[in-house]
Amino acid sequence: MILGIDVGGTHTDAVLLNGRFEVVASAKVLTNPENLIVSFREATSRILNGGDLKQLERIVLSTTMSTNAIVQNRVDRVGMILAGGPGLAPETLRINEDTRFISGYVSHRGLEAAGTDEREVRDAADSLKKKGIRHLGIVGKFSTRNPGLEQRIGDLVEGDFEHLSFGHRMSGNLNYPRRIATTYLNAAIWRVYNRFVEDILRFTAEIGTTAPVYILKADGGTSEISQSAKYPVGTILSGPAASIMGILSLTAGKEDAVALDIGGTTTDIALFADGVPLLEPFGVTIEGRKTLVRGLQTRSIGVAGDSRVRWEQGELRIGPEREGPAMAFGGPFPTPTDAMIVLGLTKIGDREKAVAAMDLLGGEANASPGETARIVFEKTCGLIADAVREILDEINNKPVYTIHEMLEGKIIEPKVLYVVGGPAEAMAPRLGELLGCRPGLPKHAEVANAVGAALARTTTEITLLADTEKKILTIVEEGIRQDIPGRFSRDDALFICREKLLERALKMGAREEDLIMEIIEDQEFNMVRGFYTTGKNIRIKAQIKPGLISPRKDGGTPS
Amino acid sequence: MTAGKRKTGLVFFPAFDWAISPTHPEREERLLYTQDQVFEEGLLDLGNIFEFKPGIATKEDVERVHICVPDVERVTTESHMISAGGAITAADKVMSGEVDNAFALVRPPGHHAMRIVHGARGFCNINIEAVMIEHIRRKYGRRRIAIVDTDCHHGDGTQDIFWHDPDTLFLSIHQDGRTLYPGSGFPEEFGGPNAVGMTVNIPLPPQTSEEGFLYVLDHLILPILDDFKPDLVINSAGQDNHYTDPITDMQFTAQGYARLNDRLSPDIAVLEGGYSVETALPYINVGIILAMAGLDYSQVREPDYDPERIRQSADTTRYIERLSEGILGLWKRREEQKQKIRRDSEFIRRRRSVYYDTDHISEEQTEEVRVCDDCGGLVTIDSTANYTTRIFAVVVPGGSCPACRRKGEEIYGSRSRGDGPYQHIYFQDRDRDLYLVK
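Listed in order, the protein sequences are those of chains A and B. For the first sequence, position 412 (counting from the first letter as 1) is numbered 412 according to my numbering, and the numbering increases by one without interruption. For the second sequence, position 149 (counting from the first letter as 1) is numbered 149 according to my numbering, and the numbering increases by one without interruption.
One chain only, chain A, in its complex shape (with noise of 0.2 Å):
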């Protein structure tokens, strides 16, 4: 048995799905928001009883507590020595206050162009640790290319600290500004999440389960919890995660499709390329911080069930904000639902109230409830659509750099659409006609992230780099630097490519039976200098993608 459980702003869900990963028992509490760990055995209090805890295999969580830290800044001081070189003025890195600049850097081939200077990377460390920060961040431009010169720095400062966050470990992507601020992040949360992971560990304790428990996150993939504490970062956005992997999880279509999460507040887009999730390209964005933390692709916009609806200047203007609830519910200004309740696409609250907020905003423009609340919803229909195309406008407009990519890249067309949330089920067909796409309402949608977050598999990802010029080999996400022989091919580079991805994920408690991997890029360049071939620069990238993990060939025990 799966115990899959979603920790949101609002309510704690807690699910328990059998071998046959069906939802044998569910519960939804308050979170609570001081303690999440109150609501995390509440939740889970009404579902487990002794037996099942016995036949539990894994425990699968997605929290907002990294997100929540961060947005409230319940976040460490920290300190950041930055080795950036020539390029960007530094000024425009600087990330607080606390930010050093210290000489040396590593260039686009990942040679030291420059050393430190320890006299330098001493006098930084000591007036960071003058001020009393015990977190130091410690970021390199182009450290994913040689991580030697982070590696260094850390050596002159080690112990000076509680914790260092090295930018190279990160992620295997370049860009040196998201690195800094994705160290900066795991730093500044890395305590406070720590803690979390020993709380989790001491309540599984308690109740008495050896099961292994995961973390989902911002990229829909799980990782074992003390995993995960090295690299808390990760575990930003790990929320939409569950809720884009819990439309997977209750649909497991296979084709091109577009997800809504239709709140109060704002509506979320999602989209699957094949059933897959897509993934932002470059890293997620918290707080307007762009970082390198590999995640799902979701948009949100201000139009959803209670958004407020208003006459502007002869427009129908429909969002951003939401004032309240619904007026058939006693809010303060008419919303969408009340245009769907006097439509009768949907019987929840007063419709009375409801006649009377179309009669509210029709009174202006000389409408009849009726005609008032039909344009509301087409209108409301309208922006959520136009929204969808402009994203999918947006990735099939993706620049790609192959001549092979341009001529035949996969352009993303959905056939089905998901929709989850409140007004889900009124608004869906009309949806589906505007976007052209067959509509879905999942099952147990209310659950929807838990069992998302329950099923999701393990997911990793490396970066590998060969240049047989200077014989080195990189993967940095694992702080590998070796040589190699010039001889060094390609099929060499993705066979141990394809053997440290799956250590790696057998480290973070992937089970075999999911270890499904996808080389993600694929290059080898020759390097001519002075009209001679001077060796080859292999670039290969590998990844367990996201996705849901498979059921057991027995169809495990049902309960």
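Treat the hints with care, as some may be off.
Here are the simulated lysine to aspartate or glutamate pairs, EDC-like style, with alpha carbons at most 16 Å apart [what the hints assert, rightly or not]:
| # | chain 1 | residue 1 | chain 2 | residue 2 |
| --- | --- | --- | --- | --- |
| 1 | A | K536 | B | E29 |
| 2 | A | K398 | B | E51 |
| 3 | A | K290 | B | E29 |
| 4 | B | K340 | B | E189 |
| 5 | B | K53 | A | E408 |
| 6 | A | K536 | B | E278 |
| 7 | A | K536 | B | D17 |
| 8 | A | K131 | A | D155 |
| 9 | B | K53 | A | E405 |
| 10 | B | K59 | B | D433 |
| 11 | A | K129 | A | D76 |
| 12 | A | K130 | A | E91 |
| 13 | B | K53 | A | E394 |
| 14 | B | K7 | B | D45 |
| 15 | B | K53 | A | D98 |
| 16 | B | K139 | B | E211 |
| 17 | A | K470 | B | E278 |
| 18 | B | K438 | B | E409 |
Read the hints as simulated data drawn from the structure, not as lab findings.
Dock chain B against chain A, hints included.
Chain B in isolation, oriented as in the chain A frame:
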């Protein structure tokens, strides 16, 4: 930094799967390290730099500029159509106001491709700037356009295409043709009889450094642009004047390229050559992008940058000062020059040989232009490649006067294939966007 932040469009197409041959300078690896540097610096996250996917140019886009022998398909590959399409995308983003300026960081390049195309020369098949410019004129109306070609090699293809066009000013700074391919680009090449002064060549001595380039910019190029008052400035942004370029001999720097772009402030920049793929291009391109976007580029420099080592000699400085003065004088006397060239001729003929070094083709060309004060003048070209393929082309210019048009239609109408020695007879009418072959 002289201007505030600008919205800059970037069309980046490195064509990672295309090369002339595996070890050719124009190969897959060329923009690899540039991509690395641009991505690592995080330029696309700065908020005012936007990346766009290139479009693909059509056969019609190419036929508006070139006479391709025998046809467009036979002398181009997809890569050329995407490269030209990338330049067009950059132009469209600027013309529609979506961005303030744009940089097409695309390959393969185009500035050695002339009006007649029998194959590739100087790594170029079709002239991507020219295709872009005629697209702009077709879509947004006739514009006065200045092209500033800062590639180290003379932009002889662009010069040829706009030789007779009084609305296009072509300015080229390059390493002196006596020391480098293609061996042309001297001050006396000054535009055709209907466009005298609309071609300005500035051949700089080998080893010219930052100081020399910026001197020419401030004392020659910017004053000429002030006189010409273009609607659009386009930079043919070759990057092979760099001190580490393997096939040229200049001493320019990333910092210099950034300053040049800052002061020139082009509406559109299009990458041309530049083959120091590892030690120059990454830094030059970051510098150019920051300068175009109005951001601080003062900290951009190469890892081995040493201003002392690449300083130009005092002789070079004096030479460049005298050269600039001479060319500026020529520009000021361009009307006198025009009378001298024209005398009272109705047609003026030029004969020349063109060598296609990349594809090893020798072309013999006779070109005639009708002397005209009302338009760029009707042009006819008789071209023979490798002593075997012979064609005849009639070109009616954009904004043509009725007399030139009538004459052109008459000539095209009077000739038929098979009559004479020609395999094909082409009729290109830029005004009516018409392209006929018989």
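Hints, verified against the model:
Proximity of A/K536 to B/E29 is assessed by CA-CA distance (about 10 Å); at most 16 Å being required, the pair is judged to hold. At roughly 9 Å between alpha-carbon atoms, A/K398 and B/E51 fall within 16 Å of each other, so this suggested pair holds. Our distance criterion of 16 Å between C-alpha atoms is broken by A/K290 and B/E29, whose separation comes to about 29 Å. The hinted pair formed by B/K340 and B/E189 meets the criterion: a straight-line CA distance of about 14 Å does not exceed 16 Å.
The hinted pair formed by B/K53 and A/E408 meets the criterion: a straight-line CA distance of about 14 Å does not exceed 16 Å. At most 16 Å may separate the alpha-carbon atoms for a hinted pair to count; A/K536 and B/E278 meet this at roughly 14 Å. A threshold of 16 Å between alpha carbons decides the hint, and for A/K536 with B/D17 the separation of about 15 Å falls inside it, so the pair holds. For a cut-off of 16 Å, the pair hint linking A/K131 to A/D155 is broken: about 21 Å separates their Cα positions.
For the hint linking B/K53 to A/E405, the alpha-carbon distance of about 11 Å falls within 16 Å, and the restraint holds. Only pairs whose Cα atoms come within 16 Å are accepted, and B/K59 paired with B/D433 is accepted, the gap being roughly 12 Å. Restraint check for A/K129 and A/D76: the C-alpha separation of about 14 Å stays at or below 16 Å, so the hint holds. With a CA separation close to 23 Å, the supplied pair A/K130 and A/E91 exceeds the 16 Å bound.
Under the criterion of a C-alpha separation no larger than 16 Å, the hint pairing B/K53 with A/E394 is consistent with the structure, at around 10 Å. A distance of roughly 12 Å separates the Cα atoms of B/K7 and B/D45; the hinted pair therefore holds under the 16 Å criterion. For the given pair, B/K53 sits about 39 Å from A/D98 by alpha-carbon distance, which is inconsistent with the 16 Å threshold. Distance hint between B/K139 and B/E211 is unfulfilled; the C-alpha atoms sit about 39 Å from each other, more than 16 Å.
Restraint check for A/K470 and B/E278: the C-alpha separation of about 14 Å stays at or below 16 Å, so the hint holds. Restraint check for B/K438 and B/E409: the C-alpha separation of about 14 Å stays at or below 16 Å, so the hint holds.
Violation of the numbered hints given earlier is confined to hints 3, 8, 12, 15, 16; the remaining hints are satisfied by the structure.
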